[in-house]
Amino acid sequence: MTGSGFSVSGYGPERSNLARLLARDSIVRRLDWPMLLAAIALSGIGTALVYSATRNRTELVGDDPYSFALKHVLNTGIGFALMIGTVWLGHRTLRTAVPILYGISVFLVLLVLTPLGATINGAHAWIVLGGGFSLQPSEFVKITIILGMAMLLAARVDAGDKDHPDHRTVLQSLGLAAVPIMIVLLMPDLGSVMVMAMIVLGVLLASGASNRWVFGLLGAGVAGGVAIWQLGVLDDYQIARFAAFANPALDPAGVGYNTNQARIAIGSGGLTGTGLTKGSQTTGQFVPEQQTDFVFTVAGEELGFVGAGAILLLLGVVLWRACAIARETTELYGTIVAAGIIAWFAFQAFENIGMTLGIMPVAGLPLPFVSYGGSSMFAVWVAVGLLQSIKVQRPMSA
Amino acid sequence: MTNIPETGRTPRVQIRLIIIQILVVSLLLTLGGRLWYLQVRNGEEYAKEASGNHVQQVVQPAVRGSILDARGVPIADNHTRLVVSASRTDLMKMKDDGKAVLAKLADVLAMDPKDVADKVRLCDSKTPQPCWNGSPYQPIPITDEATPKQALQIRERSEDFPGITAEPTAVRRYPAPGKSNTAQVLGYLSPVTDDEINKAKDTDSPFLRSDQVGRSGLERTYDKQLRGKAGVTRYEVDNLGRVIGTAKSDEAEPGANVVTSIDARVQAVSEYWLNDAMEKARGEFDKNTGENYKADAGAVVVMENKTGRVVSMASNPSYDPNAWVGGISGKDYAKLTGKKSNYPLLNRAIQGQAAPGSIFKVIPTAAAVNAGYDFNGRYPCPSSYSIGGQTFKNFESKGHGSITLGQALEVSCDTVFYKLSHDQWAKDGGNKPKPDAKDWFYKTAHQFGLGKETGIDLPNEVTGRVPDRQWKKDYWKANKDAWCKQGKKGGEYSERIAYENCLEGMKMRAGDSVNYSIGQGDTLVTPIQMATIYSAIANGGTMYDPTVGKAIISADGKRIQEIKPKAHGKLPMDAELRKDIDGALADVATRGTAAWRFGGWPQDKIPMHAKTGTAEVYGKQTTSWFATYTKDYTIVMTISQGGTGSGASGPAVRKIYDAIYGLDDSGNQDLKKALLPEPQKTLPKIEADGSIDAPKIKPYKPEAAEPKDGQPQGQPDGQQPDGQQPDGGQQDGQQQDDQQELAGAVANWRRD
Chain U
1 MTGSGFSVSG
11 YGPERSNLAR
21 LLARDSIVRR
31 LDWPMLLAAI
41 ALSGIGTALV
51 YSATRNRTEL
61 VGDDPYSFAL
71 KHVLNTGIGF
81 ALMIGTVWLG
91 HRTLRTAVPI
101 LYGISVFLVL
111 LVLTPLGATI
121 NGAHAWIVLG
131 GGFSLQPSEF
141 VKITIILGMA
151 MLLAARVDAG
161 DKDHPDHRTV
171 LQSLGLAAVP
181 IMIVLLMPDL
191 GSVMVMAMIV
201 LGVLLASGAS
211 NRWVFGLLGA
221 GVAGGVAIWQ
231 LGVLDDYQIA
241 RFAAFANPAL
251 DPAGVGYNTN
261 QARIAIGSGG
271 LTGTGLTKGS
281 QTTGQFVPEQ
291 QTDFVFTVAG
301 EELGFVGAGA
311 ILLLLGVVLW
321 RACAIARETT
331 ELYGTIVAAG
341 IIAWFAFQAF
351 ENIGMTLGIM
361 PVAGLPLPFV
371 SYGGSSMFAV
381 WVAVGLLQSI
391 KVQRPMSA
Chain L
1001 MTNIPETGRT
1011 PRVQIRLIII
1021 QILVVSLLLT
1031 LGGRLWYLQV
1041 RNGEEYAKEA
1051 SGNHVQQVVQ
1061 PAVRGSILDA
1071 RGVPIADNHT
1081 RLVVSASRTD
1091 LMKMKDDGKA
1101 VLAKLADVLA
1111 MDPKDVADKV
1121 RLCDSKTPQP
1131 CWNGSPYQPI
1141 PITDEATPKQ
1151 ALQIRERSED
1161 FPGITAEPTA
1171 VRRYPAPGKS
1181 NTAQVLGYLS
1191 PVTDDEINKA
1201 KDTDSPFLRS
1211 DQVGRSGLER
1221 TYDKQLRGKA
1231 GVTRYEVDNL
1241 GRVIGTAKSD
1251 EAEPGANVVT
1261 SIDARVQAVS
1271 EYWLNDAMEK
1281 ARGEFDKNTG
1291 ENYKADAGAV
1301 VVMENKTGRV
1311 VSMASNPSYD
1321 PNAWVGGISG
1331 KDYAKLTGKK
1341 SNYPLLNRAI
1351 QGQAAPGSIF
1361 KVIPTAAAVN
1371 AGYDFNGRYP
1381 CPSSYSIGGQ
1391 TFKNFESKGH
1401 GSITLGQALE
1411 VSCDTVFYKL
1421 SHDQWAKDGG
1431 NKPKPDAKDW
1441 FYKTAHQFGL
1451 GKETGIDLPN
1461 EVTGRVPDRQ
1471 WKKDYWKANK
1481 DAWCKQGKKG
1491 GEYSERIAYE
1501 NCLEGMKMRA
1511 GDSVNYSIGQ
1521 GDTLVTPIQM
1531 ATIYSAIANG
1541 GTMYDPTVGK
1551 AIISADGKRI
1561 QEIKPKAHGK
1571 LPMDAELRKD
1581 IDGALADVAT
1591 RGTAAWRFGG
1601 WPQDKIPMHA
1611 KTGTAEVYGK
1621 QTTSWFATYT
1631 KDYTIVMTIS
1641 QGGTGSGASG
1651 PAVRKIYDAI
1661 YGLDDSGNQD
1671 LKKALLPEPQ
1681 KTLPKIEADG
1691 SIDAPKIKPY
1701 KPEAAEPKDG
1711 QPQGQPDGQQ
1721 PDGQQPDGGQ
1731 QDGQQQDDQQ
1741 ELAGAVANWR
1751 RD
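Protein chains in written order, with the numbering used here: chain U, 1 to 398; chain L, 1001 to 1752.
Bound conformation, chain L alone (with noise of 0.2 Å):
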């Protein structure tokens, strides 16, 4: 085969290539052994790091739902808006921080550099508003009213403009509809905080960069369900971050919307009627004090009695809560939150307390019973109640013989109140209580839901205050330091205080009791405590949790969740006892203390019952207090410093009813002017794309000329000691001075 002699090949040449073979295969073998090792055993774990590697997640802000009234019209929802954004990441690059680029931006938007500047500051302690509490690697909105033009220089110079955007973004709106302000029951968004993130990591829903988080009001009890769910869109990226491809993605879920029980058109009536009510008490003149009212704060709700469902609430004074939308100002921020502003922000209907005066009588006349007085018993209504020394008076200074609990209702007698307080006061062992004291009227305020929250569906709803005997206590134990130092024996007024105090602050005093007896003192409430008592009385006496959201709606509408009204509790009184005063309180709406302002009410179709209150704050001017029932209505209103209860606040409360229930002044009903004389039990219509139909709804306007200019604002309550004579002229009956229907009222019940 081959002319080639074979030649010495040695055994060792032999051998070696045998060592080299095996070397060659040993080498293979390893290759194989660490490849398998990679791909087989750890291959798993691998697969998820290069998953991580190449996978980037863009997030898309789930559209915000919207916050529906009672109809479906609309009270919070989302418009387009065309929204400028700067990239702090990208300005902190350039060389001077990007203010260069932030001073051309301002003169394109025609806004003052300094304040676009100060919009991009991160806010810290130090820092005022303007300045951005959200994450520094999230765009900051410089304006979301930006104009196409603006926008389109902007995206055209994109090189002169690094670092800033302009998009059309969905921006919250709260659109007022027929001027119905809502403010401080919707509440606000703000950027959600680097803590909030960091807290809400590992729940079910945890926050991105980029959203807005309700503070306040519904937007923030409700902001789970209304925020939904973002998108998020995973890109699969190169080494340089350049998109490849889509790996799986998950829709954006946009968030459900919230149906409430408000009535955007009887809010507006609430509204408006506050607003007045509390601008004429500015006009009249307070003798007490010798200035006019101040009518600095005031409040009303309108609820359902059988559910507890909030139709209305207004605060007073309001603010546009527009003004939170795409980062709030700082000239409105401190408007918001300056005292000179009286803090609008606050919902006065759930955070503002005040002692209620006279409207708590109910509370002592269930507790009267609950101890063992009878209600129809005959009580001596005295102009006056002394104890040691001490002359607590009917504030009208009026007696009025032996009456009736029912008749203390209707007159708002004081001393009826003083002397059965007293009198359990003394028997539960005066100041050295018994052990096994009954406390009847402190544990029946407790039954009332006061001194703590009603449950209502609103954050920061304050408690109110029963000054009961370990109130006093923790009280005493709170500023008995301040006190004693304070305190000096024969000083002036607050030194003399203040030095009792010290002293036996720590007692329930007889005179404490007494003054709590008709709703003065220590005793604080709020409003939506007492129209949830009230609501409890005209509906037999279940006590509701307050609610405004209604039911919960998902974006396509397939999903509905109704918010069931929840009872905490019922009114500690039996069925006589509850109609006992619900025919008292329809009496001081007949011919008590507020009949005045209902003269011409329908009252054998509608019928109503109201109790006046009057409350004196130790160096402010009194607080009105006006609460009403009718079947399915409770409307309590307030106003701080506002004169006397049906004086400040009876003609704006009747107004509202007038409106709900399409009333004329002179009481005819035109069912076709009613807002809502039944309450609105179904939801609205919802479409099969999940829209909700709203009906269309006009700005509301009174009727034409306030017949009323001028009224008095007479003291019915019985409450001023000095029995001040309205003005003649008016219309409805009411021609006659509230002392003189008062007597006539007693009269009344004499010749009964």
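The shape of chain U in the complex, shown without the other chains (with noise of 0.2 Å):
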């Protein structure tokens, strides 16, 4: 609007300011914004999803059917507000501040089995704040896992000390990794816990850690989960929700009736859509947490194929200029982070479509953007403000 030969008396300041904010070089021409986007799209589609799967839920709305819909506004806006502070601080003033905010992170999933822990949805994964707020620390876990072992794995190699980190780190790393992924285990949060260990293994992988590292990753994951089969760490609810998986006509009033009545909901839906509000299986609430872990049924049944499809094409917009991210970073720290980001929001989009569409175990993870509830929100808004910090390669402050 403001064309650069172009200018008012009076607004010096303020014009110039902005001329710099978008000057060629500036950090905003810099941002990626396909991204951005796209993640802002998911966030508006999440708010009118959200809308349309609680305005008749007085138990939830009350009096107001736009409640929870504003309340996911509010949840962008901060998320989009603290997205613009990472950028600001930058990834690499971050990477200082690492041990700090990984001790936090880690006295929070402590905090949740201690009694101020609460249990929702049959996940002790959350501490109530009051005042209708509560908070899931294992989404933050999730951030200072991937910088926590960003900066123990580059640290040696962005050094020039090394081309790739040596076992000794990788072990260290793995380690500050298993210390919060134990303990949200013990929750037990079984879907953060998958979601962690597809994180480290995509840190690992960027790391250039060694195959053997990979692989042997691998192996003990699949042992691990054996194990946690085995030893009954795993609630009964937990492994209903496997059996369901694997049989979901077994008793499909109960365990089976998720996937069941989220399934009926997405192939309701045809090409089109029964349009917004207008979708009985979402009306009628027949598909259980439709505004959170099932968010995406009430895309499927009232936006159709088409707009189910928007939200996995907006999803790939995100995760592919992710992965140019990380590609094009000139520091293995930011490759990394990046990785970690990567791994996580394709893992946990994966899982939450795929438990909707029957392909999957239900686990109780939210769709990145789209879900309500704020702690997710801000989390990966923090992960974008992350991945733009890379790109942007902001030097670092102070």
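In short, the hints are calculated from the structure, not lab data. Some clues are possibly wrong.
As the list claims (entries may be wrong) - In silico contact screen, one side only, chain L against chain U (beta carbon under 8 Å); selected entries: (1) 1012; (2) 1013; (3) 1014; (4) 1027; (5) 1035; (6) 1049; (7) 1050.
Only a predicted model underlies this, so the values are computations on that prediction, with no experimental measurement involved. Ideal Cβ positions, reconstructed from N, Cα and C, are used throughout, including at glycine.
Reconstruct the complex from the two isolated chains, following the hints.
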């Protein structure tokens, strides 16, 4: 709107700031706009879906059918601010604060295990803050695991000492990740554990650690999974979820109910969907958790293949850009962080959508940007901020 | 651009990043493919599943159509009653199966707690009425006579009465206009059974759980039309069954109204005089049995000759059809089905069969003429007729010399028909029938439509029986074992008969053919069959399927489906013979066996034709039959164990004619008083809104004093052997005793 040759007297400082902000080499110009717009679009679609999913649930929204949608917008706004803050600080600045952030996040997940923790939907993963707010620390742990591991793994390489992390560093970084993962496993929040395991895998892959570590970790994951199953760490509901995944016809009124109803909702949407708020499965609340973990069913039913496909496409844009950032950045630290985020987003989205489509077992994970929920929204936007920071390669402040 | 130097980006990392990127893309493609598979490929299937998921159907039963008389007067309709119902499903959820609630309910309704408890139990083979024979999921009506106060008590304290509802509901009503009860013709409703629901599931008129189904009479015949189509409101419900919206719904289509040919006024008159005749008969002494006549059952049919439409049809004993509404009580049910009540549910006009006695004689007359005898030939009418030592008497044991077939009808001479039938039997080979046996007398009976249903539009009509050779054979086969076991040569009467039957029950014997010729023996007919035959004689020979339904009019009055008269055959007689028989039957009314009942009848204005019958029944008193017709109407009446034809039924039939034509006892016509001097041709007027105009109707009151008290129960049928003298003192020229009258009649012919 303001061309460079156009000036208005008396607005000098503002104009010059704006001009600086929009200058060719400014941060704003260098931001990854496709990713940003895709993330905003996803959050926007999420708002509509959350509205549709909650508008008639007076036990949640009270008198105001928009209250959840508005909160979703608010969460998005806060997330967006966190992203800007993250970009402003820069991922390199944050690198120095990683030990503190890591410490805080581990402390918070530990808190969940104390009487302060609360169980929501079978997962003992929450800290209730009062005033209707609650926190899911495992969302933030995902970030600190990425940052912490990246910090350790990239230190020697970025310093130019080595061309890939040595075994000792890898072990250290795995230990760093293992602490919060074990705590989250004790909650137990199996979905988050799976995502974290994927993050670790992605981080290790990108770090250039030797193949032995990568395959070793994969083997350990499988062995761990078997052990978890055998040792009875899982709650009955979690075993039941897997059983229902294996055979959805099993007890359709009970365990298989979610997946069955979710598939009916999505399937009935057809090509173009019923239209927002017109879906009978959604309106009738046949799918539980349809504003959070099963939000994709609302998209499937009401927006159809076109709308649900658009969500996949937008997620694809975010992930594609993230991959590009990971490949283009010059330092390993940024590469590892980006790869961790890619692993996180990709697996969490795949698991979340996959379970609604009946190709993955049910696990309590939100769909990034789209699902209702503050902690998740903040975490993914911070992650976007990290990606943007890597993209703009802002030098360390201070 | 940056002050950070490029550091060691090993190719390994680059390759792994590309692998990650490929993995990410393939994950997304997997999701996309699966999404396409669910939504585009199988979308329709899931959509169907989704709608089945959250659509609940609520059924509004259609209001049942009314049954109207020929002028539009409702004889079955609906009215709003406060119905208190109990949901068994809810009651069974309680610890004590709802006993406490039902006891409280009984208290509020001022009913016997046991009655209330009985009403909600389910019927099975061991449970006596009252019990619920509908679906256990359907609310069970406890009473349809709740007062508004009771209903309010139940509704206001709904927490005290879980599972109990009090709702205004359209309830069937049989208003009995003008005191016409019409019970057996109307029939009744009762809840649909599981069996019926299953059977009708895939038809175009499936039953609903809450449906009432016509069980007999018009309610059953026209059930489908009367029932209409229930409305279905489809609610979209959420996962907890809460209603969140309405889906496509079908409005209830009220049932059609059925206009009948019944005239409620004539019906009331018929019922009144049938009952009156039976009561009077019970005051008469029967010399044969040494006790008064029992007159245990009777029926009368008034039929239009030119259409076969039934103007009235009464059966006695009767009952109040309203007893069935809202579930019948145990006491009422026992009363209606008990032997003591003599089965009032039976419609004796179509389900009562008896030997016809002499009203049968038009059939052997036609048979004889068809067999080659001259109607106007001379046939001996001796006082008795003997075959092989067995003597068959003319009932009044009186001979009339040589008479024509017409005169034989007029004086009801049995011996004329004995001989004709016996001759034919012999001609057909007697006990060893020829293969080409003509069986004129039996064949003719079949041609008259006997031995099979008339096809009236009422359910469960019985066929009667023509005891021909085939029947004899079948009957013998079915019974010979019992007969042969019981039979004893030279034993008691019944044993001797059984012995005889065992040996040659398969044969048509001479005596059988003789008995048959006058409508005795094993011959059975229904009143409706005889009405069909006599109305056919009246109308020129067409036998119509009798009909009660006349038209079906949709609730909005827009669609009218007339039920046209349908003939099922022609009488087996040519025009000349018909005219001859018609004349003879007129003579019966003017100077024959029925003449004493038609004294003062304006024969020139309204020609009356009649035939009397007094049938003997083994072990019982005689059955009274009276078949009559005018130009437009046929009336057939019968009274079981009632005495003679004209004696027991004669006055009642005349009273019905008097009411129809507006005649007084002396035969003066007052058209203003005439109920139906001509058959009702038009349908009732239908208003624009579909409602049907109904004229006001006053309860039938017979003319003040019944002047014929102590009237003779004489035997002018000429079938009582003793020639009992009627009392004197009658005012309409019936002072002569019937024997004198008959003698006079015969004398007249001789003079001719």
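**OP:** Could you tell me which of the hints above the structure violates, numbers in ascending order?
**Re:** none
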